[in-house]
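Trainee: The primary structure of each chain is shown beneath.
There are 4 protein chains.
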Amino acid sequence: MAAFEPNNPGYRAAAIAMFERQPAMHTLGIVIVRLAPGEVELAMLHSAAFTQQNGFVHAGIITAGLDNACGVAAFTLMPSEADILTVEFKTTLLAPARGERFVFKAEVVKPGRTLTFCEAKAFAEHEGKTTLIATMTGTLMAMLPRATASHEPRPSHA
Amino acid sequence: MAAFEPNNPGYRAAAIAMFERQPAMHTLGIVIVRLAPGEVELAMLHSAAFTQQNGFVHAGIITAGLDNACGVAAFTLMPSEADILTVEFKTTLLAPARGERFVFKAEVVKPGRTLTFCEAKAFAEHEGKTTLIATMTGTLMAMLPRATASHEPRPSHA
Amino acid sequence: MAAFEPNNPGYRAAAIAMFERQPAMHTLGIVIVRLAPGEVELAMLHSAAFTQQNGFVHAGIITAGLDNACGVAAFTLMPSEADILTVEFKTTLLAPARGERFVFKAEVVKPGRTLTFCEAKAFAEHEGKTTLIATMTGTLMAMLPRATASHEPRPSHA
Amino acid sequence: MAAFEPNNPGYRAAAIAMFERQPAMHTLGIVIVRLAPGEVELAMLHSAAFTQQNGFVHAGIITAGLDNACGVAAFTLMPSEADILTVEFKTTLLAPARGERFVFKAEVVKPGRTLTFCEAKAFAEHEGKTTLIATMTGTLMAMLPRATASHEPRPSHA
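As they're listed, the protein sequences go chains A, B, C and D.
The first sequence lines up with residues 0 to 157 when you count with numbering that gives the first Met the number 0.
The second sequence lines up with residues 0 to 157 when you count with numbering that gives the first Met the number 0.
The third sequence lines up with residues 0 to 157 when you count with numbering that gives the first Met the number 0.
The fourth sequence lines up with residues 0 to 157 when you count with numbering that gives the first Met the number 0.
Hints are computed from structural coordinates only; laboratory data are not their basis.
Just so you know, not all the hints are guaranteed correct.
What the hints assert, rightly or not - List of simulated lysine-lysine pairs, DSS-like, C-alpha gap at most 25 Å:
#	chain 1	residue 1	chain 2	residue 2
1	B	Lys128	B	Lys104
2	D	Lys104	A	Lys104
3	B	Lys120	C	Lys104
4	C	Lys128	C	Lys104
5	A	Lys120	D	Lys104
6	A	Lys120	D	Lys109
7	C	Lys120	C	Lys104
8	A	Lys128	A	Lys104
9	D	Lys109	D	Lys120
10	C	Lys120	B	Lys104
11	B	Lys120	B	Lys104
12	D	Lys109	A	Lys104
13	D	Lys120	A	Lys120
14	D	Lys104	D	Lys128
15	B	Lys104	C	Lys104
16	D	Lys120	A	Lys104
17	A	Lys120	A	Lys104
18	C	Lys120	B	Lys120
19	D	Lys104	D	Lys120
20	A	Lys128	D	Lys109
What the hints assert, rightly or not - What the simulated footprint calls covered on chain A by chain B, stretch by stretch (three residues with Cβ under 8 Å from a Cβ of chain B suffice, anywhere in the stretch; the number is not a length):
#	stretch
21	41-50
22	63-73
23	88-94
Note that CB positions come from ideal geometry on N, CA and C, so glycine has one too.
Input sequences plus hints: build the corresponding full structure.
Mentor: Here is the structure:
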């Protein structure tokens, strides 16, 4: 995709800090592998605690990785004062999440002042083979301080 | 919605057994609250371990609850020999997942021999108030034994 | 759903005017049947010109009706100076679009200053029977004058 | 993406014939520009008859092009006796559909015996510039003769 120019020169530190402040990422064992303006790659080791009835990783957990990859990718292009919110996403499950390690790659398709559109892919690494197991398209929203100072304690796409 | 006639007279025990075989549900603390043909209600207590940077439950975890609610609802209408697979879903995040308890209600919109379509809603209970925080529409697929005996170790929408 | 309070006392005339300014609605023969704050019902007679290879109405045309129903429903709750834009939608096709007449019912699930979330259903009337044939969930965006005065000739979720 | 091996040696003629049997494509002026196994490119000239209130092509019409591109791409990989059905799609609208000509490019992400997953992009050509205006992810279903001989006059994902 296109190369993007970050609004925030400190985008890398800001994105890492935002990611690290998410307890869910620690609990799921998801880490940042690669980070560039508008692009991110996360990885997660298999954990039996997050599987479904056939021993594959649960679709919701794969979605957590995909959504977070989209969020971090979008966040790298937002101004330094923005917080970020996921508006919606669609996950398509192409193959069972069977593997020892999972990789989530997201990229910004179109950034915007308010809304940013991302795409992400999840891959399973199993016995030396990498398989595309899921895709996501998602819409992310920048929350700027003006909005957070409004009458609502926490704005919800307001 | 319409009342559905289950194909499997033992649908209740089968759905509970399928749900209980999912380690991810135990880990997330999600339980079945109500079960009827084509309808299910799950619930989950807040856990700090699954929150994002603002202290709200992560969208992927909310999606895990919604997806599982859809899966169980669809499964109640499938024949006894079927296994179930999620094909795709879209999650719309209407409000932050802030609360002490979360409820996931799903219902079948249209059952089918191969594909079943479901809708689900997630609610947050916070300080005595219940808020609709997310919706899902999803497609589920019945995997019948014939298919699982095919050349693939695990069929993926084959 | 909830009863909504329109921001624009002239919401009815504004929504009808917006709808009438769409040549696509005239060409497809789609008309407004019912209008209330946050709710709308459109209808379309079958036209062979818009069918696919099996004689059913094309999914894109059904989507045009569903999307417009969502747009009008969302628009009824927007301030008088707003223009409206569709951000994204998902259409699920439950049954073939076979019938003499089609009805598109949309309602706002959650209105917001910037984003409004809607759901819609398409029904086919065929030989005296009404069938749910498709559902949509969509995100709509209010474009306020401030934005339209920006550097872009036409803002795109900017 | 990967190169696909068609099941049907006459895939090209079959796909063109299926496309040509759709009156909606004629009415909208959509034509096939390029066709390969698992890939297709369609094009449509601007028509004022299909615009919305700002003079841009209606999102439902753009969706018709995207959906049909996905359908033809999926169909090229299906066996000769299969008919095809769209199960669901999500359209994301990145920019207004302003232009003299529109191009719809689809490719199969994962083919399957029953379900095929596709992605598509819509581009607007305006004053010599090409802009990505929309994306789609969709699920298509092969309908094999066995199914069409079932008790239902027309199977709907049965």
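Trainee: Failing hints, ascending?
Mentor: none
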